[in-house]
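There are 2 protein chains.
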Amino acid sequence: MAGRTNTPGQSVSRRLLTVLDCFDVAHPALTLTEVAGRSGLPLSTARRLIAELREWGGLERLDDGRYRIGIRLWTIGSLAPQQRGLREAALPHMHDLFQATQENLQLAVLEGTRALCIEKLSSTRAVPTRTEVGGRLPLHATGVGKALLAFSGRGLLREVVDAGLPRMTPHTITQPGRLAAALAEVRRAGVGYSYEEMTLGAVSVAAPVLGVDGRIRAALGIVAHSRAAVDRLAPAVRTAALGIARWVE
Amino acid sequence: MAGRTNTPGQSVSRRLLTVLDCFDVAHPALTLTEVAGRSGLPLSTARRLIAELREWGGLERLDDGRYRIGIRLWTIGSLAPQQRGLREAALPHMHDLFQATQENLQLAVLEGTRALCIEKLSSTRAVPTRTEVGGRLPLHATGVGKALLAFSGRGLLREVVDAGLPRMTPHTITQPGRLAAALAEVRRAGVGYSYEEMTLGAVSVAAPVLGVDGRIRAALGIVAHSRAAVDRLAPAVRTAALGIARWVE
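If you read the protein sequences in the order shown, they are chains G and E. Residues are numbered in the working numbering as their position in the first sequence, beginning at 1, plus a constant of 8. Residues are numbered in the working numbering as their position in the second sequence, beginning at 1, plus a constant of 8.
It is worth saying that the hints were derived from the structure and are not from the lab. Treat the hints with caution; some may be incorrect.
Partner residues aside, some chain E positions facing chain G, computed with beta carbon under 8 Å [claimed, not checked]:
#1 L25
#2 R74
#3 G78
#4 I79
#5 W82
#6 E119
#7 T121
#8 G142
Derived DEER-like restraints, expressed as beta-carbon distance ranges [as the list claims (entries may be wrong)]:
#9 G:G209 to E:V220: 32 to 40 Å
#10 G:R240 to E:G163: 31 to 39 Å
#11 G:R196 to E:G120: 48 to 56 Å
#12 E:G172 to G:D29: 38 to 46 Å
#13 E:S234 to G:L250: 35 to 43 Å
Quick caveat, the model's predicted, so the values are computed rather than measured. For each residue, glycine too, the CB sits at the ideal point set by N, CA and C.
Based on the sequences and whatever the hints tell you, model everything.
Below, the structure written as structure tokens:
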């Protein structure tokens, strides 16, 4: 952004987007002071931009004075092709897989160097996960992440390694060489595993959804209690991912 | 907006939102010229704001030069409480109802004087509908719309009537008095019907999802081929809607 803030128009519209950036899965509701603090904007600017967004419908005011993202932004965001085409192609297959397994399912796409969860199905019987729709997961520590990473270019692996491989549990792969070997195995097997590498007690297996051009579109993953469960479910996950791939553009 | 365009900051940030407003279910991909035309902005302004939104991730450029809503806006929009809380509460019940009926299901909320579809489940066996997630439906001609309208304040009915009751099919209720009577019947029965009033060949029944404060949160509807089918399914829809209501805030 350096050098651009001299252009008043860009600066003002960028500030509006900065207000939106304050909100995420961990911070779905914020006070004016929190928006100003998180965005680095002066309080008066934050107040004015919040008012602008409220008038438009992008923010809503709660009874306790905090602000939340409004339905207007949801409506516009639902037009994103990752959401619309992919999710519509995926949901019937996800329902079938869910009915057959009753385990947690996740559909994730790449967003920079992370996996973004765009759909999930879960039952009260399934293992609890921290994944939420709209939430991000590390690529090196999750089944969907490894499936996405293994079928992307080498450049992405370099970026992920350069950014560091944070240890999420004692089982997380934190050595670049071991991660590269694990990804080669994902390509060979057609599925990626996470053996308690993200959350203790949770094991996942995921399969890539590839477009007709061979490029990675998404990964479909299942999270279960044990290695035995995901070994048993891997063929079902792979079958569902192939079923989705037949319907994506 | 009159009188506000003299404030440069508001004007610029409002223009950015105007660019976003160009996109909807019927127009998911637009050229620069189309954005300028639909927004009324000069071409140079539209170009600059599109660049700003692309850099942020709110718009993406397709290979053919058109622009689409980007995943960044979807991620932020997914934080909207209507989407997050309501949808998460509703999906398990919708899955159950779908499994039992294999018909089209819709979850809709009020957005101004229209019903906004925030979730749908459909099977290839079900009657084709024009409803899409993120799409709007008229309140007077649909099952979900009547359920939402019947359990809202009288002011909304006045607004809807004042805006006119467009005839969607020969069966659409276009007389205010008949609509008011139909809504009284919806309140009595606890479900709203549409007998080919929106689409010829499609009949729907919907039940309201009321919050603990008694206020309307959403409507759950099912679309089927015949009046006999929806009569048979009405108790199931009502049961599912009551199930959802137990989980919404």
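Check the following: the C-beta atoms of R240 (chain G) and G163 (chain E) are separated by a distance inside 31 to 39 Å.
56 Å, violated
For the pair R196 (chain G) and G120 (chain E), does the Cβ-Cβ distance stay inside 48 to 56 Å?
54 Å, holds
Hint validation: G142 (chain E) versus chain G, beta carbon distance must be below 8 Å. Holds or violated?
4 Å, holds
Within 32 to 40 Å or not, the Cβ separation of G209 (chain G) and V220 (chain E)?
34 Å, holds
The hint names R74 (chain E) as touching chain G; please verify it with the least Cβ-Cβ distance against 8 Å.
Not OK, violated: R74 (chain E) not within 8 Å of chain G, min 11 Å.
Go through the hint on I79 (chain E) and say holds or violated, using the shortest Cβ distance to chain G against 8 Å.
This hint holds: I79 (chain E) lies near chain G, its Cβ roughly 5 Å from the closest one there, short of 8 Å.
Given a cut of 8 Å on the nearest C-beta pair, is the interface hint for W82 (chain E) held or broken against chain G?
At 4 Å from the nearest chain G Cβ, W82 (chain E) passes the 8 Å test, so the hint holds.
Do the numbers back the hint for G78 (chain E), that is, is its least Cβ distance to chain G under 8 Å?
This interface hint holds because 6 Å falls under the 8 Å limit.
L25 (chain E) as an interface hint toward chain G, with CB separation required under 8 Å:
For L25 (chain E), the interface hint holds, since the closest Cβ of chain G sits about 5 Å away, which is under 8 Å.
Please check whether G172 (chain E) and D29 (chain G) have a Cβ separation lying inside 38 to 46 Å.
40 Å, holds
T121 (chain E) was flagged as interface toward chain G. Is the shortest Cβ-Cβ separation under 8 Å?
14 Å, violated
Satisfaction of the hinted span 35 to 43 Å by the C-beta atoms belonging to S234 (chain E) and L250 (chain G):
36 Å, holds
In this structure, the earlier hints numbered 2, 7 and 10 are contradicted, and the remaining ones agree with it.
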